[in-house]
Amino acid sequence: MHRKSLTQNQKIFSMFITSEFTTARNLFPYTDIHKWLSYGHDGKHPGCDEYYFGRREFSFTLENDVYLRYKSFKSVSSLEHAIKSCFPYKIDIGAVYSVDPDKRHAYSQTGTNVFTPVERELVFDIDITDYDDVRYCCSGADVCSKCWPLMTVAIKVIHTSLKEDFGFKHILWVFSGRRGVHCWVCDPKARRMTNEQRSAVAEYFRVYKGNENNARKVALMGYSLHPFLARSYVDFLKGFFEGELQANQSIFSTKDKYDKILEMISDEDIQSELREKWEKSANRSSLSEEAISLVRWDQLKNTLQSKKHKAPTLRMCVEEIVFTFAYPRIDLEVSKQMNHLLKAPFCVHPKTGPSRRVCVPIDPNNCDEFDPLAVPTLSQLIEEINSGGSKMDVDDDDDDDDTDTSILGKSIKFFRSSFLEPLLKSCKEEIESLYKTKIGKSKDSFSW
Amino acid sequence: MEVIRSQKRTPSNDTVSNPKIPLYLTAPQMEVRLEEFELFAVDRLRVLKGVSDGLARGRNPKEMDDLVDTLWKEHMRDPDASVMFNKDIISHFVLRLVYCRSDELKKWFLSMETALFRHRFRLQNFEAQRAIVGEFGLPYKAVTGAELEGLKERLGQVVRSLGQISPTVEAVYYKVPFEEVPDLVASRRVLIQKGYAFVAGSQLVSLVVTQFRSHISKALILTNRKWTTTIQEREKDRLTPIVEALSTSYLGPDYSQSTEYAEISLKDIDQVAKSSFPLCMRHLFEKVREDHHLKHGGRMQLGLFLKGVGLKLDDALAFWRAEFTKKVGSERFDKEYAYSIRHNYGKEGKRTDYTPYACQKIILSAPGAGDHHGCPYRHFSEDNLRAALGRMGLSSRGMEGVMDQVRNKHYQLACTMTFEAVYGTSCDAGINHPNQYFEESQKILKSKTPPAPV
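Going down the list, the protein sequences come from chains A and B.
Residue numbers for the first sequence follow numbering that gives the first Met the number 0, beginning at 0 and rising by one.
Residue numbers for the second sequence follow numbering that gives the first Met the number 0, beginning at 0 and rising by one.
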């Protein structure tokens with residue numbers, strides 16, 4: 000690793016930086032990120048906007064918790080240089096603004112050149128701590144193989160809707176480093192959405208409206224589910240709830256657990272009927288926790304089926320229970336505003352801990368295979384470098400290189416082949432066609 | 000538009016081809032008498048204020064339609080249809096001048112004009128509605144034939160999901176990019192496929208309101224620019240004083256500057272919370288004391304309320320610090336929370352002095368997991384609400400009245416009834432702001448002087 004000459008202060012400072020940050024900074028794929036965020040404006044076509052990348056906001060969080068917003072860079076090398084000299088332990092990506100963020104004060108707020116966001120990916124943030132009321136294996140920052148499937152099913156539901164309902168094509172899912180996932184929708188249409196439109200999409204996805212002050216956190220009104228919810232239920236949620244979730248969480252096995260579910264039924268009689276039945280069978284059964292849970296779920300479904308005409312709030316009670324446990328819970332605030340910052344992919348998660356993981360992309364078409372506990376950690380990467388293992392030059396442009404079998408190399412390859420390349424192809428087509436239209440128009444203006 | 004002094008008005012050409020509701024796309028070419036300039040604006044303002052009241056009281060869409068109809072007939076009607084039409088246009092453009100001059104004014108005007116437009120649109124028949132949609136030149140097309148057949152089942156599902164047991168899939172659906180109908184998308188009232196929303200004829204209102212709102216919003220920015228660069232100075236002896244007077248006349252107090260009535264100090268705060276806070280703020284306050292923490296939504300709602308109630312910045316910092324440091328430690332408090340408290344008081348960032356939230360805003364908020372903000376009458380379950388009201392001292396009879404209002408979704412009326420029950424007095428104005436609740440409560444408590452000794 001080539002180290003430039005450092006000032007005296009930097010040398011002292013760098014003694015306190017662990018080798019981990021150095022590794023992280025050298026493994027960050029600057030070229031790929033730059034290519035992505037340039038969206039085809041690489042200056043090679045006359046229709047390119049060479050200043051586009053320079054109008055993107057980045058924010059750095061430095062090790063002593065100093066927070067630097069509105070950083071912008073004209074080129075990939077100035078981005079790389081800044082990261083390697085500031086030692087940020089967290090890098091966020093913001094919006095593309097009307098002018099360079101770091102020059103924003105030069106422009107007045109009331110003239111025609113106001114400092115305002117003009118483009119920003121449509122983003123989503125799903126964090127497993129928002130599911131703490133429905134997972135019994137972990138809580139808080141922990142995550143395990145029993146509760147991670149909640150994230151998997153969330154990805155499937157949201158990804159399908161983004162593609163089928165909204166028609167988006169360029170969608171990147173990223174592991175957020177510890178306990179959740181981020182989604183970046185990068186279609187031009189998505190990047191130009193207003194705050195109001197982003198809010199609308201976020202609300203379209205919103206089903207869970209709960210906190211400790213209300214018991215019935217999902218209220219599905221009407222006589223049927225909206226087609227989006229129906230498809231999500233039939234294709235993903237029902238199967239997940241009755242299979243993997245029950246197996247992992249045994250949500251009916253103890254009184255504490257099943258009381259929570261019974262409270263979601265808005266009829267006292269049905270609640271008591273089931274409660275009595277289950278209290279009686281509590282100690283008599285020789286079945287496993289898992290089997291008991293399934294039996295009780297069946298009983299609940301049958302009871303509700305026979306009694307659902309009693310009240311409108313019982314009509315879709317079964318579905319409501321499934322949605323409460325399994326349906327995605329996105330953080331609405333993250334999606335609603337263009338100027339909201341979000342952690343950059345391929346960063347290392349900043350919180351201290353024995354194994355800091357890299358924020359790698361997740362393949363939405365294979366998300367069942369993703370294991371958050373198997374994501375490369377910094378220590379593993381350092382070991383790989385030290386043992387002189389495979390090539391570690393992630394900045395290498397050479398896509399045809401099949402010999403790069405390094406841990407991180409696979410993620411980078413996936414990022415390039417399934418996301419970056421199709422995206423850039425489509426961006427260049429758009430730049431070209433917009434340019435042709437512009438030329439065509441000015442040609443007309445000369446005609447007599 | 001030219002403003003002239005007391006001369007006969009030249010007849011306008013606009014009466015020839017006028018849709019029932021003007022879209023205010025361009026400023027009218029006509030002469031306006033100076034007296035009319037102000038009078039027309041005042042009449043329209045009465046309508047807008049009536050709309051604002053209706054929304055604050057939680058009127059449902061049908062009730063709002065009727066209200067708008069009544070208000071319009073009362074204030075804007077004229078036996079001569081062309082005069083009525085001109086008054087509509089002139090008054091709108093005058094009020095643009097009045098309300099373009101600050102963000103707060105713009106926001107209010109935009110909301111009220113959009114609501115007014117929405118309900119006037121709903122009152123039109125289908126033909127008139129389609130004509131108006133056409134006026135906007137929107138890129139939408141009717142869905143017919145095989146495409147419609149293929150969608151019928153799912154369109155029926157959408158209708159059923161909205162509460163109609165037998166789906167009547169309408170005859171006419173329009174295919175529009177989903178971006179054009181954000182409110183229909185947000186409430187899942189339309190089928191969406193590959194980026195297009197399928198909007199029923201009866202949902203056209205959503206389509207036009209979005210367009211209308213967007214147009215007026217942009218227009219206000221341009222008007223503001225014109226005002227600050229030329230008009231304000233040029234008209235300083237004639238129109239400017241009228242414009243400036245109009246904007247302060249009809250908005251309710253915003254409680255950003257607390258009155259001398261309501262200055263509280265840290266040592267009184269627990270007692271005052273118990274005696275004078277509305278339920279939403281009591282709940283948040285209790286949670287802070289209990290959990291020594293609040294999430295962002297709660298910090299904003301309670302923090303701004305306390306500012307409006309008269310809590311000084313230093314006392315506010317001391318209050319939040321005393322609670323939060325029990326959980327997060329003093330260094331983290333300074334790093335993560337102190338900044339935003341100072342921000343709320345206008346001491347950081349772009350130094351806006353933020354105003355405490357009114358009921359309408361609080362009712363529309365969306366508390367999620369771990370949140371305690373919002374309006375308890377809306378966001379609490381019935382059991383939790385009853386328990387909370389019991390703690391406020393309501394009898395079971397008083398509670399029934401309140402719960403009745405809640406069931407009918409009249410959250411502010413529920414809060415007003417609570418107020419009346421707690422203080423044993425009637426509140427005719429109705430509660431539409433937590434700080435108003437506090438001030439009224441303090442007035443009552445302070446006026447109860449102890450009985451003179453015999």
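Accuracy of the hints is not assured; some may be wrong.
To be verified - A few chain A residues that face chain B, going by a derived Cβ cut-off under 10 Å, partial list only: (1) Pro45; (2) Cys47; (3) Tyr50; (4) Ser198; (5) Ala199; (6) Tyr203; (7) Arg215; (8) Lys216; (9) Ala229; (10) Arg328; (11) Glu332; (12) Glu382; (13) Glu383.
Derived by calculation from the structure, the hints in this document are not laboratory data.
Here a beta-carbon is modelled for each residue, glycine too, at the ideal position from N, C-alpha and C.
Here is what the structure says about each hint:
1. Because the closest C-beta pair between Pro45(A) and chain B is about 29 Å apart, greater than 10 Å, the hint is violated.
2. Annotation: interface hint on Cys47(A) violated; nearest CB of chain B at approximately 26 Å, more than 10 Å.
3. Interface hint at Tyr50(A): violated, since its Cβ lies 25 Å from the closest Cβ of chain B, which is beyond the 10 Å cut-off.
4. Proximity of Ser198(A) to chain B holds as hinted, the smallest CB-CB distance being about 7 Å (cut-off 10 Å).
5. Given the 10 Å rule on beta carbons, the hint for Ala199(A) holds: about 4 Å separates it from the nearest Cβ of chain B.
6. Here the hint on Tyr203(A) is kept, as its CB sits about 5 Å from the closest CB of chain B, short of 10 Å.
7. The closest approach between the C-beta of Arg215(A) and any C-beta of chain B is roughly 7 Å, which is under the 10 Å cut-off, so the hint is satisfied.
8. Below 10 Å, beta-carbon pairs count as interface contacts, and Lys216(A) has one with chain B at about 9 Å; its hint therefore holds.
9. The interface hint given for Ala229(A) holds, since its Cβ lies 6 Å from the closest Cβ of chain B, which is under the 10 Å cut-off.
10. Annotation: interface hint on Arg328(A) holds; nearest CB of chain B at approximately 7 Å, less than 10 Å.
11. A hinted interface residue such as Glu332(A) counts as satisfied when its beta carbon comes closer than 10 Å to some beta carbon of chain B; here the least separation is about 8 Å, so the hint holds.
12. Interface hint at Glu382(A): violated, since its Cβ lies 34 Å from the closest Cβ of chain B, which is beyond the 10 Å cut-off.
13. For Glu383(A), the interface hint is violated, the least distance from its beta-carbon to any beta-carbon of chain B being 36 Å, above 10 Å.
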